[in-house]
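*Asks:* If you read the sequences in order, they're chains A, B and C.
Numbering-wise (numbering that gives the first Met the number 0), the first sequence opens with residue 0 and increments by one.
Numbering-wise (numbering that gives the first Met the number 0), the second sequence opens with residue 0 and increments by one.
Numbering-wise (numbering that gives the first Met the number 0), the third sequence opens with residue 0 and increments by one.
FYI, nobody ran anything at the bench for these hints, they're computed from the structure.
There's no promise every hint is true.
Simulated crosslink set (DSBU-like; lysine-lysine; CA at most 30 Å straight-line) [what the hints assert, rightly or not]:
(1) Lys76(C) with Lys602(C)
(2) Lys99(C) with Lys505(C)
(3) Lys213(B) with Lys287(A)
(4) Lys602(C) with Lys116(B)
(5) Lys116(B) with Lys5(C)
(6) Lys116(B) with Lys866(C)
(7) Lys116(B) with Lys4(C)
(8) Lys866(C) with Lys109(B)
(9) Lys116(B) with Lys801(C)
(10) Lys75(C) with Lys535(C)
(11) Lys106(C) with Lys626(C)
(12) Lys535(C) with Lys70(C)
(13) Lys899(C) with Lys209(A)
(14) Lys116(B) with Lys23(C)
(15) Lys209(A) with Lys109(B)
(16) Lys23(C) with Lys109(B)
(17) Lys23(C) with Lys148(B)
(18) Lys4(C) with Lys148(B)
(19) Lys5(C) with Lys148(B)
(20) Lys70(C) with Lys505(C)
(21) Lys109(B) with Lys801(C)
(22) Lys209(A) with Lys801(C)
(23) Lys116(B) with Lys70(C)
(24) Lys70(C) with Lys837(C)
(25) Lys209(A) with Lys837(C)
(26) Lys866(C) with Lys70(C)
(27) Lys801(C) with Lys298(A)
(28) Lys837(C) with Lys116(B)
(29) Lys535(C) with Lys837(C)
(30) Lys298(A) with Lys213(B)
(31) Lys23(C) with Lys70(C)
Just so you know, these numbers come straight off a predicted model, no measurement behind them.
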Amino acid sequence: MSRIEPWHQVNWDWRAAGNFIGGGSGTGLVILAALAAGQGTTYWPLGFLGVILVGIGLFCVWLEIGRPWRALHVFYHPQTSWMTREAFVSALLLPVTMVAALASSPFLFEPAVAKGAIWLAALLAALYLYCQARILHCSKGIPAWRHPSLMPVIILTGLTEGAGFLLMGTALVGGHFVWPLLLLLILLLGRWMAWRRYLANLAETGAPSKALAVLNGATPMINILGHYAASILIVLALLTGAFGPLFAALAGLAAIAGGWQMKFVVVARAAFNQGFALPLTPVRGTGKPGPADKPGWSKSGP
Amino acid sequence: MTRYVMVADLRRCVGCQTCTAACKHANATPPGVQWRQVLDMETGTYPQVQRTFVPVGCMHCADPPCEHVCPSTATKIRPDGIVEIDYDLCIGCGYCAVACPYQARHIVHKRDLAYDKQAMAHEDARFDEGRMSVAMKCNFCQGRIDTAKETGQTPGVDPEVTPACVNSCIADALHFGDRDDPNSNVSALLAENQTFRMHEELGTDPGFYYIWDKNE
Amino acid sequence: MSTTKKVPQYCYQCVAGPDFLTVKVEDGVATEIEPNFALADVHPGAGKSCVKAYGLVQKTYNPNRLLTPMKRTNPKKGRDEDPGFVPISWDEALGMVEGKLKEIQAKGLYDELGYARVAASFGGGGTPTYYMGTFPAFLGAWGAVDFSFGSGQGVKCTHSEHLYGELWHRAFTVSADTPTTNYILSFGGNPEASAGVIGISRHADARARGAKRVQIEPHLSVTGACSAEWVPIRPKTDPAFMYGLIHVMLHEMPRERLDLEFLTDHTGSPYLVAPNGYFLRDPVTHKPLMWDNTRGAAVTFDTPDIKPALEGSFTVSGVEVGADGEEWQHEAIEVQTAFSHLVKQMAQYTPEWAEEICQVPDGCIRRIADEFVSHAQVGDTIEIDGEVLPLRPVAVILGKTVNNGWGGYECCWGRTLLACLVGSLEVPGGTLGTTVRLNRPATTRQASVIGGPDGFMQYPMNATDKEGWQETPKARNAHDTLVPLSASSPWSQALGPTHLAWMFRKESPENWPEVSAPDLWFVYRTNPAISFWDTKAVTERIAEFPFIVSFCYIRDETNHMADVLLPECTDFESTQLIRVGGTKFIESYWDHEGVALRQPAIKPLGETRDFTDIATELAERAGILDKYNNAINRGAGGVPLRGGNYDFSLDIEQSHGAEEIWDAMCRAASAELTDGAETDGLDWYKEHGIRTRPISRLIWYLFPELRKKGLRFEMPYQEQLYRVGKQLGNRLHEKGIEWWNEQLKEYEPLPPWKDFPGIWEQATVNSGGALADYPFWLLTSRSMQLAWGSNSSIQMIDEVAKNMRGHRAVVMNAGRAAEMGIEDGDLVEINSTLRGTKGRVVLKQGIRPDTILIQGQFDHWVTPYSKDNPAPSMNTVVPMSLALTDATGSAADIVRVAVKRLEGPA
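Please model the entire structure based on the sequences and the hints provided.
*Replies:* Following this line, the structure appears as structure tokens:
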């Protein structure tokens, strides 16, 4: 049956969300782990975890595509496709991060190689994260994705999740956690602001009403878990000595959970398409045209 | 240059769906997939109400978001403006489908039958495995357009080289032709009438015009 | 090696046909329907067919098709009985039918009650004829067949229009002269859904050139959508709106804005009306009198060189002839013209009065009246093929529920009167008839214009005088006894009040003979078990029929009760030649006439057989082969095989195959169309599909024929109907029949407004419902995709139909729904006092708050696919009753209902 008002797209589901979740967290971790490594935190478990997270994300994509055995065709269009670019970056990111992790691990300890590889991996991770933000931005058929205000959200939540994983990792393998906590606090503030700004700007420009309802409906839980609880846990981690690493890990977990929920909601729940609209209605025989209509939209913005 | 476009006269369209059916015949699309369809849109509030029948499908944009995002180059813009899909290249990632603001792209992963109990002879005869799990959409019946190059006929004028939906239209609401040819049928229609394009504000430069009134 | 061919075909699934197409056949498989552009210059629809034709490929290969004959093994019949159909051979199947036919022959063709023992029902407004090959010749050869068990005729057709339209202007249906008109008032008319390829293209052209159509209807149909203006009128109050318009034209406008010449010279307006309501007549000749302004005296209407007075009072002597020959002699009495009576009658119907009834502002009615008259261009002329005709580009069209049932007479009269007031009846740009089915000869409308004694066209009323009245009905629906207007053409039985056959089968009313079940009932392309009102009751009646033979392609609700199923070749598998062109049923006006072929594009599936071969074998088995062949030779298959200079007639003693029969038909048609110059046979038609010759567009209009013959339109005063009604009343009362009294009141010479909505409201109360509990009017509307052709069982058609909002749903006003807490997609139950039906709600702004619309009418419970895709059904909840039957024997698809929310969206 033909539909007029925006309806939820059916082509990308939880598997696509998995790519943004895994890719964002993984690249965020690879970036944050590089910073932490500079501060003496053990890199290699974090690096491996980053590779695994990004890999899980890519595996989700592979599950999603209709013709998985043609997956290599994904490399054919670097000129304009951010998906191709993401693929190219991933082709470098994964081996470089592996090298960095291996070179900084007891198995193949090469500090000089590791140092360069860690920063190269971080750079590639940043590129990868940027690609992901652009992938959504270029999805012109989904108003909630194409809005430019979503890009900072995707990047900031990737970094925030990375910081979260860093803190969890630090709790396990040891290392400084005060500055990561402070950094997480700053990232949480940034993500919170970016999310608020995204919602406000989306409402301002107009969007499918159902998309706005989904996003606004999910925001309290995203904030409670991902921002407020995480922030309180950071404060608790800073204030409590012995339990600091535990609270830090929990803060990281909360930040990750909030970020994952955020991306799942955006990709798999708020992805209402453009729908159809009329700038005016036709003149049948005589008279004047009828008014414009954009059914299912909060306002008749683009 | 050539740019093939569709022109739908909204004053004429009655929502009969003959074009929808003709397209399904010409392109053997599976149940539930309509490359061409006519929307039944209601605007206004009782008793000031308008109801408009709006043919939609791929708009064959000059700046198509689907083509930009396609990672495999399966989606291409032909020199004549038709946005085509190479089914052998497509990986079925669906990125084009979320990039298209006209909901024009379809991916079918499992063979659907009109009647569940068994495939009909014509369904079997026209089933194309190559179109499974890849993106598909209206291609302006590009095979017919290509024939025109061989036969010297004019798409939009000669039925053999004109999209099925246009041929079938009983209200003479759908027209097809070369917008860049000032002497073409569609150029005349565009010159004589007032038109709009769907979601024009998104900058896709769609190749599908809607007539809503004659020129003032 | 793969082969591809495109085979020309016609589609006549609906009354707006035939349309043309080619079917593409790839390696023996039909794959694709396309327009037949080779016919673009001949077919007014440019060689195209509508969406329904595109369903024919799936129809052909539908896996639910019946591919062998079957017989019933469970003798019990009923909705809940499994028929236990088992496959049998053709020999056994036709043997069963033969046995029954011979049994009937032995007993006599008529039963003890005088009814034909064989009955046949074909749906689709006669369109099954275009698929049943030579079966009409079989029926003709058999002789006694009752066609009066209808499938919806009287309810689902434009019944009042058929009868009154044929009476007044040989208009079986009525259409605007759309290519020329500039202004159309459409009271629920729905050409965008029902006028087919030709009608839709004509109206689209009209819109594009700036013609204005005002759509007056309770919900915004597709036709309303495509109109310049929508006027949401209260259901069943259309006559009040029309009367308001007529009041404005007669009482608020200068008289000279009307077409006084048309009224004076081409209608019965100047006829003088005597005190008892009949025309004042010449004492000697009994011809009606008019006042001649030149002579200053009353003269008979046919006096040469008279200048009749259109209005005024005159002192005249004469005779008045009432019912059953009653006469009154009048000496120097004061009489007025029919027009003056009209003016007086319409004085009460002010727009303010109309507003109270139809809830349309008086200002709107006045504006529309002014627009209508302004657009009429009174005084303008146009030349067509050398003949100068009035040009009056304004038309009025009516929808089904508007002109069916109570109020139908008033609407048809109002519509025809509006045309007469501005002279737009049967002239270019105006309101036209399409074809004739009741008047004879039916070759053209013009041929049926035969002068009557009063200066009007003769109409073949069923007699109501003592000698001629058909006291005992010949057909089970009693059309010949109860409905004088239904005439007695081959179409009359199937057209008449066909629900009466079903109703009287159950229980005859007082002093009425019993109605028997037919010994054998043929059904083809019809499904009354779901297509009539009160389908539950119809189904129960069908189950009582002892022997039912169904020609069918799938199982359905009616053949669920059948004894033998005969699977005939469908559209692309069989051969038939039909006449095309001229003017046909629905807005189908051609500039050509001729014949078109339907031919086998593919090999028949399974054991299906060409209908012609079935008919021939049945004729042979029944021992009537000679009569059957004779009937074919005379033209029962569509074309007479013998003409002035050709003879392709069949040997009547021999059995002939379908190809041979149609080859002869093709040769005869070729000869007929070329005056014997060509004799091309079947092979030529298989290649070309169609043969035509040009005709004059003058045949679109009846006015030239009346002018030529010096006849007038029988408007506005209905003296003849008034007399007929009185006589019918006398006959019925003599038999002690009082149950038709309300219907008798319809025979008014100038029909006054009656509280038409109140009739349905009263019916609700009488059936035990409190009106407040049934606050909505339930209406229906034509679905172009699903109407005709059993298309709801075709997946592709169902799929594309759903693109139109409201299919398989209950449409209601969004504001009203919000007040009731009902949301889009909610499941609701619609209950009349009869029973209920369920469906999902589609909320719209384009519907009155007091109105509910169920577009689909059918409640399938057997038909494969359809039964698994349930839809709310109008037919389930509409009662079938005498109280809701008007004098023409029709009723409307309308009922008061309650709406109850059951659950949220699926």
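*Asks:* Next, verify each hint and record whether it holds.
*Replies:* How the hints compare with the structure:
1. Lys76(C) with Lys602(C): violated, 35 Å
2. Lys99(C) with Lys505(C): Distance ~24 Å between Lys99(C) and Lys505(C) Cα, so the pair holds.
3. Lys213(B) with Lys287(A): At roughly 11 Å apart (the allowed maximum being 30 Å), Lys287(A) and Lys213(B) satisfy the hint.
4. Lys602(C) with Lys116(B): Between Lys602(C) and Lys116(B) the Cα gap is close to 23 Å, so the pair holds against 30 Å.
5. Lys116(B) with Lys5(C): holds, 29 Å
6. Lys116(B) with Lys866(C): holds, 15 Å
7. Lys116(B) with Lys4(C): holds, 29 Å
8. Lys866(C) with Lys109(B): holds, 25 Å
9. Lys116(B) with Lys801(C): holds, 22 Å
10. Lys75(C) with Lys535(C): holds, 17 Å
11. Lys106(C) with Lys626(C): holds, 20 Å
12. Lys535(C) with Lys70(C): Holds, at roughly 24 Å.
13. Lys899(C) with Lys209(A): Measuring from Cα to Cα gives roughly 27 Å; hence the hint holds.
14. Lys116(B) with Lys23(C): The given pair, whose Cα atoms are some 25 Å apart, holds under the 30 Å limit.
15. Lys209(A) with Lys109(B): holds, 29 Å
16. Lys23(C) with Lys109(B): Given pair Lys23(C), Lys109(B) holds - Cα atoms ~27 Å apart, limit 30 Å.
17. Lys23(C) with Lys148(B): Holds, at about 23 Å.
18. Lys4(C) with Lys148(B): Satisfied, since the Cα-Cα distance of roughly 23 Å is no more than 30 Å.
19. Lys5(C) with Lys148(B): holds, 22 Å
20. Lys70(C) with Lys505(C): With Cα atoms ~27 Å apart, Lys70(C) and Lys505(C) stay inside 30 Å; holds.
21. Lys109(B) with Lys801(C): Holds, because 22 Å separates the two Cα atoms, which is no more than 30 Å.
22. Lys209(A) with Lys801(C): Holds, at about 23 Å.
23. Lys116(B) with Lys70(C): Roughly 24 Å separates the two Cα atoms, so the pair holds.
24. Lys70(C) with Lys837(C): Violated: Lys70(C) and Lys837(C) sit about 34 Å apart, past 30 Å.
25. Lys209(A) with Lys837(C): Status holds; Cα separation ~28 Å.
26. Lys866(C) with Lys70(C): The hint holds at about 22 Å.
27. Lys801(C) with Lys298(A): holds, 28 Å
28. Lys837(C) with Lys116(B): Holds, at roughly 27 Å.
29. Lys535(C) with Lys837(C): Roughly 16 Å between the alpha carbons, so the hint for Lys535(C) and Lys837(C) holds.
30. Lys298(A) with Lys213(B): Holds: Lys298(A) and Lys213(B) sit about 29 Å apart, inside 30 Å.
31. Lys23(C) with Lys70(C): At roughly 35 Å apart (the allowed maximum being 30 Å), Lys70(C) and Lys23(C) break the hint.
Checked against the numbered hints given earlier, this structure breaks hints 1, 24, 31; the rest are met.
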